[in-house]
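Chemist: One line per chain: the protein sequences are A and B, in this order. Each residue of the first sequence is one higher than the last, beginning at 1 in this note's numbering. Each residue of the second sequence is one higher than the last, beginning at 505 in this note's numbering.
Check before you lean on any hint, since a few could be wrong.
Claimed, not checked - Simulated coverage check for chain B against chain A, where a stretch passes if three residues somewhere in it have a Cβ under 8 Å from a Cβ of chain A: (1) 508-514; (2) 546-552; (3) 560-570; (4) 616-628; (5) 642-655.
What the hints assert, rightly or not - Some residues of chain B that are not near chain A, with every Cβ distance over 10 Å (derived): (6) I526; (7) I610; (8) I661; (9) F663.
Hint data in this document are derived by calculation from the structure and do not stem from the laboratory. The structure displayed is predicted, hence computed values, not measured ones. Every residue gets a Cβ at the ideal spot worked out from N, C-alpha and C, and that includes glycine.
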Amino acid sequence: MADQSPVIILLAPFIGAVLIGFLAFTGGRLIPSVAVVSLGVAVAASIATLVQFAEFGEIIYLLGNWPRPFGIEYRVDGLSALVVTMITVVALITALYSRTAVYHETPDKVPYFYILFLLLVTGLVGITLTGDAFNLYVLLEVSSLTSYALIAMGPGRAVFAAFKYVIMGTIGASFYLLGVGYLYIRTGSLNMVDIREQIVALNLYGSESILVAFMLIMVGVWIKMAFFPLHGWLPNAYSHAPTTSGCILAPLVTKVTIYIMIRAMMTIFGVDFVFTQLEWSGIITWMSVVCIIAGSVLALAQTDLRRTLSYLIVAEVGYMVGGVWLANHTGMVGAIYHILSDAFMTLCLFLAAGIIFSRYGHCRIKDMQGLFRKMPYTMAGFSVGALAIIGVPPTCGFFSKWYLIQGGMEAGHFGFVFALIFSSLASAIIFFRVIEVAWFEPFSEPGHEHQKSESPLIREAPISQLVSLYLAGATIVLIGIFNQDLIAIISESVRGFGLLAASG
Amino acid sequence: MELTEFIVARFNYWIYIVLMMIGLYAMITKNNLIKKLIGMSIFQTGIILFYVSMSVKTGATIPILRHDEIHPSAHFAETAEAHGSGHLAQDGGESTKTPAFSASSIDVDAYANPLPHVLMLTAIVVGVSTLGVALAIVQKIHREYGSLEESEILEQILFRNG
Chain A
1 MADQSPVIIL
11 LAPFIGAVLI
21 GFLAFTGGRL
31 IPSVAVVSLG
41 VAVAASIATL
51 VQFAEFGEII
61 YLLGNWPRPF
71 GIEYRVDGLS
81 ALVVTMITVV
91 ALITALYSRT
101 AVYHETPDKV
111 PYFYILFLLL
121 VTGLVGITLT
131 GDAFNLYVLL
141 EVSSLTSYAL
151 IAMGPGRAVF
161 AAFKYVIMGT
171 IGASFYLLGV
181 GYLYIRTGSL
191 NMVDIREQIV
201 ALNLYGSESI
211 LVAFMLIMVG
221 VWIKMAFFPL
231 HGWLPNAYSH
241 APTTSGCILA
251 PLVTKVTIYI
261 MIRAMMTIFG
271 VDFVFTQLEW
281 SGIITWMSVV
291 CIIAGSVLAL
301 AQTDLRRTLS
311 YLIVAEVGYM
321 VGGVWLANHT
331 GMVGAIYHIL
341 SDAFMTLCLF
351 LAAGIIFSRY
361 GHCRIKDMQG
371 LFRKMPYTMA
381 GFSVGALAII
391 GVPPTCGFFS
401 KWYLIQGGME
411 AGHFGFVFAL
421 IFSSLASAII
431 FFRVIEVAWF
441 EPFSEPGHEH
451 QKSESPLIRE
461 APISQLVSLY
471 LAGATIVLIG
481 IFNQDLIAII
491 SESVRGFGLL
501 AASG
Chain B
505 MELTEFIVAR
515 FNYWIYIVLM
525 MIGLYAMITK
535 NNLIKKLIGM
545 SIFQTGIILF
555 YVSMSVKTGA
565 TIPILRHDEI
575 HPSAHFAETA
585 EAHGSGHLAQ
595 DGGESTKTPA
605 FSASSIDVDA
615 YANPLPHVLM
625 LTAIVVGVST
635 LGVALAIVQK
645 IHREYGSLEE
655 SEILEQILFR
665 NG
């Protein structure tokens, strides 16, 4: 059973989705429970995989028992074990939150919503486990197609945002596919490890096809992760989606795409090609500096809480891309640690924003007077997330910024260090503005000028939503407190990339 | 002269690039949402042309190996005898473990590589489902705004916001 754990992580949500498809015909009060149970199994399997990795090292799971260059293999190293655990835990927390929200927001589409939700998790888990470049494309499209549909379920403007996301997402995925094609021309292989071995064996470092492949894959992935200035689709899509969709998409999709970037750079092309052959490290770190500053400034300019958070995601993408492209060990470790911590910070904030949205019917910051008095527990959870984004110890946001800044110092890239500090200050302004309005200004009954408000009496969130909010908050603090252990695992897998030698 | 040769010798790659650019142009500039989707479809089809043209092999046949081609005739007779004398299961088990042919005995140029074609079957399926989701979204947009022209939809969004 334990040997099969990598595949169970993928199969549990998939089988859950199929089961919900059948349950939909029988009324289906059980549907949210099925989703929670299947994600619970996935969490257990991913923890089993993590333990197995800690004991025996890299796990290679051959699907259909075909050996490396012929079949598809699942390869679990430290990076994918951690990211896969993050995905399943975030999905489980969101599933706990979803019950009330889904029945409230999309009452006629409950089964479809959960099927798409679980298929999205299947796609994301598959991306992190697979060791095959083309299989990754298919799973990327599985997760993208489901996220288009999950966004389009939202009210009003969400549909149009989803359409833009379809166009941008398809361009991104097509570029990735083209890049894989150019790799295949030169190496004749689709297995990530095998491609790198072929590049080394045939000495293809100077090859133009490999260079074109690298550029296409990078641009494709950047579109998918909303790297400034390719971020156009993200803010509208995430701020108009149904709240549960926002809670699952915002923490996971961009982070998993950053995982793809790291995987492509380190496993497919290898450190020697990316950092030694191409001297792009400086330029791309500057691009991420622009991304961080632009994301923070745009976030400052927003008046809607969910839009603000969406622009903060754009800034956070800059953190991670910059950390990876600093081309040293500390920067890479910081970026990977930030993937984990940012997923839970974003989850916590989007859960809180979702609860506020379901009570108010909107998320305008200036209308949040007296929220602390009306919804004290929700706002306490919100504050944990806000403090983590700003970077206050002992939350994980502090430690990830610490490692990223240290990496920037080591690389001598002070622009990146400046951008990180600037972004911290900007998010401090953003969140203290929210907290000021919600804490100090007296409560005024909302909805007297807006007909949208569905519940005139603003009250505390139901217990299931508070539990998930606090789980997210607790995870933020736990990741922060146990940062040494996590960094040890991450360091170990980053050492496998051979970055130490490259940083010199 | 050299330039024309450079273009003519790889003309299908040029066509794939032209197709992709047509698709990209349509996706960026067209005002009508359905036309954008047509552009998206052309864009994806360009990639299929790319994969198929890189795997073209003239004079190659379908990649199915004939039994007597893999096994030298003596060995073939021996295994046939073994099959005949009733050691079928045992022999079968062994032969799957150690294939009785070496890669060098097969003329690789005589067989087409099926892998790129199989990949494109998958990519076609992905393209069709993307188009399906996109058309469903367009239908929902039409229900919401009563129009498929991007400029009119944007006007309505501005109007609703204030």
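Chemist: Hint by hint, say whether it matches the structure.
Modeler: Verification of the hints:
{"no.": "1", "hint": "508-514", "in the structure": "violated (count 0)"}
{"no.": "2", "hint": "546-552", "in the structure": "holds (count 3)"}
{"no.": "3", "hint": "560-570", "in the structure": "violated (count 0)"}
{"no.": "4", "hint": "616-628", "in the structure": "holds (count 5)"}
{"no.": "5", "hint": "642-655", "in the structure": "holds (count 5)"}
{"no.": "6", "hint": "I526", "in the structure": "holds, 14 Å"}
{"no.": "7", "hint": "I610", "in the structure": "holds, 15 Å"}
{"no.": "8", "hint": "I661", "in the structure": "violated, 6 Å"}
{"no.": "9", "hint": "F663", "in the structure": "holds, 12 Å"}
Hint check: violations occur at hints 1, 3 and 8; the rest are consistent with the structure.
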